[in-house]
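Protein chains: 2
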Amino acid sequence: MTYPNWLTQRSHLSGSRMALSFHDQQWTFSEVNELALEYAGKLASFGINTDSRVAILAKSTPDFVFIMYGCLHAGCEMVMLNERLAPAELAYQIEDSAADFVLVDDVLQEKIEEHVPVLFSKIKAAAPSDWVPASEWKKDRTISIMYTSGTTGHPKGVRQTAENHFSSAVSSALNIGIAPEDVWLCSVPLFHISGFSILMRSLIYGMGVRLYEKFDAERSVEEICNGTVTHVSVVSVTLERILRTIEERGATASPKFKAVLAGGGPVPVAYIRRAEELQIPVLQTYGMTETSSQTTTLQPADAERKIGSSGKPLFLYQVKIEGAENAGEAGEILIHGPQVTPGYIGRFSEREVQADGWLHTGDIGYLDEEGFLFVVDRRSDLIVSGGENVYPAEIEKVLLAHPAVREAGVCGAPDEKWGEVPVAFVVLNKPAETEELLAYCKQQIASYKTPKQLKLVESLPRNASNKLLRRELKTWL
Amino acid sequence: MTYPNWLTQRSHLSGSRMALSFHDQQWTFSEVNELALEYAGKLASFGINTDSRVAILAKSTPDFVFIMYGCLHAGCEMVMLNERLAPAELAYQIEDSAADFVLVDDVLQEKIEEHVPVLFSKIKAAAPSDWVPASEWKKDRTISIMYTSGTTGHPKGVRQTAENHFSSAVSSALNIGIAPEDVWLCSVPLFHISGFSILMRSLIYGMGVRLYEKFDAERSVEEICNGTVTHVSVVSVTLERILRTIEERGATASPKFKAVLAGGGPVPVAYIRRAEELQIPVLQTYGMTETSSQTTTLQPADAERKIGSSGKPLFLYQVKIEGAENAGEAGEILIHGPQVTPGYIGRFSEREVQADGWLHTGDIGYLDEEGFLFVVDRRSDLIVSGGENVYPAEIEKVLLAHPAVREAGVCGAPDEKWGEVPVAFVVLNKPAETEELLAYCKQQIASYKTPKQLKLVESLPRNASNKLLRRELKTWL
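If you're matching them up, the sequences are chains V and F in order. Position 129 (the first sequence) corresponds to 129 in the numbering used here; numbering is contiguous. Just remember that the numbering used here sits 1000 ahead of the position in the second sequence, which is counted from 1.
Check the hints yourself; a few may be wrong.
Stated by the list, open to error - Lysine to aspartate or glutamate pairs mimicking EDC-like chemistry, simulated, CA-CA at most 20 angstroms apart:
| no. | chain 1 | residue 1 | chain 2 | residue 2 |
| --- | --- | --- | --- | --- |
| 1 | V | 256 | F | 1181 |
| 2 | V | 138 | F | 1163 |
| 3 | F | 1256 | V | 181 |
Derived by calculation from the structure, the hints in this document are not laboratory data.
Same shape as in the complex, but just chain V:
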């Protein structure tokens, strides 16, 4: 149950094809593999090998890609750290994952407070140790670990195996097609499954990646219109900026451009209509960290008649609704297939991620009579803000740790730019200023998680068993 080493095989089979480009630089699959081999040797000099688990914190640059590919050769597990997190959040993930090494992009070193980082500059300067790449990778090898929160407010480290990533890449190809000349524009974070899955597809398909450190609407539109890229991954907010830029310019997408993959939460219907006007196919997808990217995808052909739907499962996957006997009945969305994580690491390693072979997503949805999935309520009152998942429980936990706070409740408020933003309601047990509480939050958690408003209230809505009713909070907005 193995794969040929993806880097070796891809370099062997299409070594001269473009693998990665960034600004004016580009690298073929052979060059990328040479660099990955060199980095694996350098990593070996620090003692990183198949027994290691490394946490990585970096900006979306070629160095980050090469070091990750070096880790793939080295055979270690990678804990993908989100650069937007606060130091305390990063420290939690590093500790929970018991990472043996913390590899850090020099520009981000101040984010690491409690651990000793191995800076990228130090890795680059190291003399490579002798080391031999594996010719095969086990299918159940853990390639990446990504943290995701949930009801508890404690982020859980999700294992993503080689088979998870391979199944995801193949299923996407069987859905939307692939061609040797494809180039995917990546300005979504590489530490997220949205970005990391582009790298996996690159190695598996032999597909070029056009990498951006940050989303750039102007340049994205130039690439879409001049045909230097065939695909791009977006979230709602970046899709809107791309559409607006094309509209303002009166431009048209190149015939070589194939599709926009829109993930990280629902896409407003108005955007889909605007994209149709511009003849830009938008594939709306529903997926999560636990499924290593897309699970269902809505084809452009169905976008108009199935507005609001997340589409149908990819070929290898199955979706069902717990307890639903007929089309249209809502219930928890269950997912089955080879892309589903085998489980968590760290303090949640004992928690079963599947029951009877099905992943219980916590999201509520229904399937219509044709089998199209409609997600009606995201798991755990999830707030999706600019493509980032924000869990109310995580913010509440921070607020509750403040000495002046007795009770805290967080919900999502509609926001024109970000889709949703978090808003907090707080019951005090001694006087405190809202500014003080917000500043306290900012120290503890990523700024995109910090409430955009904080309201002081007398009490919070709770049910008979005293459970906070976050949906009720929404009516208070």
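Model the placement of chain F on the given structure of chain V, informed by the hints.
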């Protein structure tokens, strides 16, 4: 370790897409699935279910496809009988496979002498029994069994599992790309892996199949030139006829046409050059029944500079040369990957098909310094005649059974039309006419296996241990 039922899933995901066309008729994936479900019910009425093994003998018609798809739903194993075989050869395969049922196209019923066939007309007329399709298929489920000969002259039944076919389809897609609008022209036999693998790709990709009962150069060229097909599978002799027809017409392939897949033995260099002139990409491939289709494929971009090569492995596969330490050293070709059969059935079921995870092909070849495979000598002195494998030992065995024959040796002679044809050398132990011996052969074996010439000689070339030297025979031609 399962797949979603391919027929159900494909019908669910792209039910309205064209699945099959034949003459002026066409069927969508939904329609094909409806027919397959109906046929599975009819087959159930005969007692065919997941415990059954059925042999099937048919012409390449839609009925054959629908009955095979019915078998897929029914969960039985299919022994694919070659309609060109003689009755005695078919009887051997039916007996060796211990097939529970022999499903036979009415027009071929005279080929079945020793068994009781279930005619297609009878299946069609049957009332379906109640029956429920499986929602999932096990990866190690045997889907098809194809007989292939070897050194012994006794054909061996090769298992091809769902995973074998799936890996083959995916690896081909990762190599040459796929698009939802692809349509593959199939006039290679459906009972061969060359044709059957087109059906498997159809279900897995959601790709249309344009089916022909027989190869038709004129109509193939029309489809290639008007863009109604994107791919076609050929052997050397049919490639030449396609090229000649295009040349005579002064026609050009449609820009929608993507590639010719040329298998079943080496393609003469002159054909490749002519295809290049016509700007028709030809993918030369090396594969076999034991690997469920393609193993290595030569890209058109490399065709000129790597003339004579069979290309590089597909993404999931590995190829090595036994005993070779350096590029260019010849030895037995070994193959590793998820498309390799788990083994044989019948009298060869105990024979190991792999050693240390590698399939020993019996073919001799080398890898050049860039890793391109060159096949220098086919296994067991294999004769490849018009894409059909002809094993000398099998013909010799038939000749030796004749009372007048003391010794027999068969080798391939070059033939302009078929690539190679078998020629026999015979030592008599009592007087006999060559015509009589050839007529005797024709009764026993398929006509394409019957020697095109038979020469009476005093003795055969043998080595010290008395082993027949078939390569020596070639010098006698």
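Flag every earlier hint the structure violates by its number, smallest first. none
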